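Residue numbers (our numbering), protein chains in the order written: chain A, 1 to 305; chain B, 306 to 512.
Some clues are possibly wrong.
No more than 20 Å apart at the CA atoms, straight line, and that leaves these computed lysine to aspartate or glutamate pairs for DMTMM-like [said to hold, decoys possible]:
id : chain 1 : residue 1 : chain 2 : residue 2
1  : A       : K75       : B       : E496
2  : B       : K420      : B       : D436
3  : A       : K180      : A       : E166
4  : A       : K39       : A       : E166
5  : A       : K180      : B       : E504
6  : A       : K109      : B       : D351
7  : A       : K75       : B       : D436
It should be emphasised that the hints constitute simulated quantities derived from the structure, not laboratory data.
All of these numbers come straight from a predicted model, not from anything done at the bench.
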Amino acid sequence: MLAPRQPEPSQRPLIAVAAATLATAAGVGWLLQRAWKPKGDTNHRAAEALGAGAAILCVSVALDSAIEHYRGGFKDRAMFVGPTMALLGLGAATYIAFRPERANDRAPKIALLTVGATGLIGLGFHAYNILKRPGELDALNLFYGAPAGAPAALTLAGLYGVIAGEMLSSRAYVRTRLPKHAAGLIAFSLLGTVAEAGFLHFRGAFQDPAMYAPVTIPPLAAVAVGGAALTARAIPIAEPLLKATAVLGIAGPIFHAYGIHRNMGGWRNWSQMILQGPPLPAPPAFLGIAAAGLGILPLLNQEAK
Amino acid sequence: MSDFHSPYLTYDVLDKWDSPSWNEQTRGVVRQRLEQVPPRRFLSADQWSLLEAIASRLVPQPDREEPVPIAPWIDDMLHHNHTPGYRYADMPPMREAWRQGLNAIAAETRNRHGKAFEELSPDDQDELLSDVQNNRVESRYWGDLPAGGFFLHHLLKQVVGVYYSHPDAWSEIGYGGPASPRGYARLGPDERDPWEAEELHFEAADA
Chain A
1 MLAPRQPEPS QRPLIAVAAA TLATAAGVGW LLQRAWKPKG DTNHRAAEAL
51 GAGAAILCVS VALDSAIEHY RGGFKDRAMF VGPTMALLGL GAATYIAFRP
101 ERANDRAPKI ALLTVGATGL IGLGFHAYNI LKRPGELDAL NLFYGAPAGA
151 PAALTLAGLY GVIAGEMLSS RAYVRTRLPK HAAGLIAFSL LGTVAEAGFL
201 HFRGAFQDPA MYAPVTIPPL AAVAVGGAAL TARAIPIAEP LLKATAVLGI
251 AGPIFHAYGI HRNMGGWRNW SQMILQGPPL PAPPAFLGIA AAGLGILPLL
301 NQEAK
Chain B
306 MSDFHSPYLT YDVLDKWDSP SWNEQTRGVV RQRLEQVPPR RFLSADQWSL
356 LEAIASRLVP QPDREEPVPI APWIDDMLHH NHTPGYRYAD MPPMREAWRQ
406 GLNAIAAETR NRHGKAFEEL SPDDQDELLS DVQNNRVESR YWGDLPAGGF
456 FLHHLLKQVV GVYYSHPDAW SEIGYGGPAS PRGYARLGPD ERDPWEAEEL
506 HFEAADA
């Protein structure tokens, strides 16, 4: 008894969904840009953007780690630390985004340094989680163990916040090295996030061609931002690429929501698929990094003059 | 028989009926198992009652008001000749093996005890089945059918297979039924999804 031959699934819905998602995300991005009204001089604006970027990163980490650690049943008490510290980071970073001139106060600074250090410690915990599994450092454990790079997002958020404070200090290197180093950090952040997304999208076999987006545009943006640290001529290239990266950060959760729909049982099976489908809160990390990067670009320009 | 207590006392897999765990296909299959128990069509009345008696020794269900039906589904399989797609090299084809094997057990019992298998005490039944399993039988009743092979590959596997196809048996062992559409997100050892059966230990009750 042969089952009747199934027709090949059509790719057409994928194209329609991708187009609608990107259009929506671009629209939301445009609205966000219009609503974004930084005040003060270039440094002040950059500090606001860094604070906002760090806040977005913290939202992403808080939700993603809360969901994933819930999946792990908070087996280790230490698993409460990640989401809690992300919330602390969110508070401090939001404060800086609205009051950058207070970024060097003791309380937000201690909070951000703590959050940043927690990220580093988290990297150690995740490495231990991967290595303690049978097979140790093999592809299966890297795919299905604790995500090797994810806690680093907290460290980045902490660094962004600290840099925001430095931007408004009157130290000499604010006008020389700091913007370049910050741009380098943005490039590094992008590449790290690309590695994580690329690794997990490879695990997902790039089954929707849209899954290639985060491994094509953000790496280009990373190169352009890195280039902008060296020469001001790269700035006009870096800006649209960072904006495109930001749009991907907004489009990501919509794509991932569609991915959950495409999984077995769809949204009716949300209790499994929120955990096992594509992670809804992960992609906005790109938005956070891009926002911080867009805030730094004008500083690089200023310096060239 | 030692007392068996399921650790899933509060669990009934049928509670999943309308949950996201099951879909229409799953419900259809389970509904058929519950409501459309097939009538006797292949086995003779004697073979049928012998099979029921054997099944209740292999999978005793003393605590069930309504035991999981086993003979009807084996008869159904034989009626439709739903073989596994192969046959054992040292045994006749499936239907023939079942007829021959059940008749041989009936003859073996009559020869030893002078009465039917169903009329024996549980201990005598177990002893006889144990002899069949270990080939301690008279070859004139069995012909070319290996008694131990029939017991293991046909009788035992089918009886246990049919038993554990029933939702009552699933509830007993904490099984969730088909993992479709909702499967499992927590796959490591000793990990449990909220929609899985929960193991309860009543150590105080045992003391």
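- Item | Satisfaction of hint between E166 (chain A) and K180 (chain A), Cα-Cα up to 20 Å | 13 Å, holds
- Message: Please verify whether K180 (chain A) and E504 (chain B) have alpha carbons no more than 20 Å apart.
- Response: Violated, at about 58 Å.
- Query: Would the pair K420 (chain B) and D436 (chain B) pass a check requiring their Cα atoms to be no farther apart than 20 Å?
  - Reply: This hinted pair holds, its Cα atoms lying about 17 Å apart.
- Task: Measure nothing beyond the straight line between the CA atoms of K75 (chain A) and E496 (chain B); if it is 20 Å or shorter, mark the hint as holding.
- Result: 9 Å, holds
- Query: When you check the alpha-carbon spacing of K39 (chain A) and E166 (chain A), does it fall within 20 Å?
  - Reply: 17 Å, holds
- Is it true that the CA of K109 (chain A) sits at most 20 Å from the CA of D351 (chain B)? 87 Å, violated
- Task: Take a quick look at whether K75 (chain A) and D436 (chain B) sit within 20 Å of each other, Cα to Cα.
- Result: 51 Å, violated
Comparing the model with each earlier hint shows violations of hints 5, 6, 7; every other hint is respected.
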